[in-house]
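S.K.: Residues per chain, in single letters:
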Amino acid sequence: MSELILAVEDLTVSFDGFKAVDGLNFYVEKDELRVVIGPNGAGKTTLLDMICGKTKPTAGTIKFKYRDLAEMIEFQITRLGVGRKFQNPSVYEDLTVFENLEISYPQRRGLLGSLLFRRDDALLDKIDEVAGLIFLDEVLRHKAGQLSHGQKQWLEIGMLLMQDPELLLLDEPVAGMSAREREQTAQLLNGISKGRSIVVIEHDMAFVKLIAHKVTVLHQGKLLAEGSMDEVQADERVREVYLGH
Amino acid sequence: MQTHIESSSPARAAVANVGRSRGFLERWSFAILAVLLLAALPLSLDVFRLGLAAKFLSLGFCAVGIVLIWGYGGILSLGQGVFFGLGSYMMAMFLKLESTGADSSAQALSSFFGSSLPDFMVWNSIEALPWWWEPFHHVWFTLPAIVLLPALLAFVLAYANFRKRVGGVYFSIITLALSAILSIVIIGQQGVTGGVNGINDFRTFLGVNLDEDRVKIAMYFVTCVLLLACVAVGRFLLRSRLGKVLVAIRDREDRVRFSGYDPALFKAFVFAVAAIFSSIGGALFTMQVGLASPSLVGIVPSVEMVIYAAVGGRLSLVGAVYGAVLVGAAKTFFSENFVEYWMYFIGVLFVVVVMFLPDGLAGLIARVRARRSKAPTPATAPLATATGVAK
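Protein chains in written order, with the working numbering: chain A, 58 to 302; chain B, 296 to 686.
Treat the hints loosely; a few may be bogus.
Said to hold, decoys possible - Below, simulated BS3-like cross-link-like pairs (lysine-lysine); rule was C-alpha separation at most 25 Å, straight line:
1) Lys-251(A) with Lys-279(A)
2) Lys-87(A) with Lys-120(A)
3) Lys-459(B) with Lys-113(A)
4) Lys-87(A) with Lys-111(A)
5) Lys-113(A) with Lys-279(A)
6) Lys-459(B) with Lys-111(A)
It should be emphasised that the hints constitute simulated quantities derived from the structure, not laboratory data.
Predicted model only: the values in this text are computed from it and were never measured.
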């Protein structure tokens, strides 16, 4: 077994008594591409929210590279190397695609640093590389607000890639994309999964098959099953709650 | 070769020639403003009107700051009067102490009471100068304090709120309350603040008579240069990476945290910068109008400052200066001729701007320009068909 990058243990969060995530154990290895599936309300998005600091857990631990994330706030977790893409594409619509990528560059994020920040060749090369990967190299000067829904999804993935995170958390990255765009995204994710770990929440089973190394199934905040796509699909309980209908 | 480089690096192509895509007015707006302020106005106005312009320009400092925090940072402050007032009162305290020391009748009065006190303190039976007045005997304390004290107050206040994620309309209400509190405190503590009357009746700054025409003209130029400097500082901030982060915070503060920034720090910083601008404006106002008054601290002037920025265009630093001068001039005109209607006028003005000109005068100019650059296409097209038919 290769080294763990993320270890979530006994994780619980309750909202007014409702346990959205309930005693969950969840481990991700280095270089792994994990897909989390489960019916609506299974706690998938809440799990990602807790890893990236958006929601504070009620109990349990989240360790990233053996460091406890529970005491940190969002930007500190981000600086540690965790990148998060949200369900609805969250890009800075009033900035250009170029500026969206530039702002995500993980250097000089302090006050004075950002005031005195100057573009250098390393940044421009990085933007070239990422813009090519996310199929947006032709539209760098466009305002992000003018992009199509699918392009915004790509841009947000690109913003994460600029940060060079060791762990990427992607919440429904192909929602609202055409079949062709889904295929391109699958290639993109397979390409970038080398050298980093990725956790993807997805509903589209055809897409999951294209990318998943391993699949985790959540149900009512608890782990229902975990394994390869074939194993999970063969599991009776999974078929019952999720795949069977 | 050139095209080869650009096609191999879309990023470099994207940053090249950005300036060329901007229009004439956008590129030269700062220079046009400088020519207007430093040449056109002084050449066409008499000393009295120039003094009036300087008064409006002093308020323009606040409007420039509001463009930064509201237009770009998304923080609507209804309390810029607080920082204007701090600058104004600190300058007034210094001037008052200087004129008290120089004036023989004031000295006679003061020595009768045992210490050298400003006249209004004597009238209010204050027997000793409060300790916090003492440092304002010195110009080397007063001038840095005008810059640093409001900045410190603004930063601490804003950071404490933003860190706790108090923002939006709640922060606006806090600033509103702050301006109400400060004006109430000033009015209530008449003995040490001058109360409703404010602090007035001072003549000299470091021995220079502020009533002389040539000093007034010099002060006008000082005001213009400092105002242009503030606009330039604002431009520098907005063009830096910090400016982009600010826009990102305005549009999606939650997302910015996940880009690895601390939004509270950025918002508090720009709020402090706006406070410095306001305070400098307040100090210049007091030097030129000869008055520090609670009527420039409270809610009404604070809201008026927001209207200056809205009329000029809340995304335009240069526009804010025009907004302050135009609305200020309109205010003078209306309050001279139709005193009781002034408040209605400014209310209607605000509603009209918000409904029809959300980006103010600057937005109007941009819209006209966009229409004109599109205009040739439909105009030439019918001509072409007409000649085609004629053939």
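S.K.: Each hint needs a verdict: does it hold in this structure or not?
M.R.: Now for the hints, and whether the structure bears them out:
no.	hint	verdict
1	Lys-251(A) with Lys-279(A)	29 Å, violated
2	Lys-87(A) with Lys-120(A)	14 Å, holds
3	Lys-459(B) with Lys-113(A)	15 Å, holds
4	Lys-87(A) with Lys-111(A)	23 Å, holds
5	Lys-113(A) with Lys-279(A)	18 Å, holds
6	Lys-459(B) with Lys-111(A)	14 Å, holds
The structure fails hint 1 only (numbered hints given earlier).
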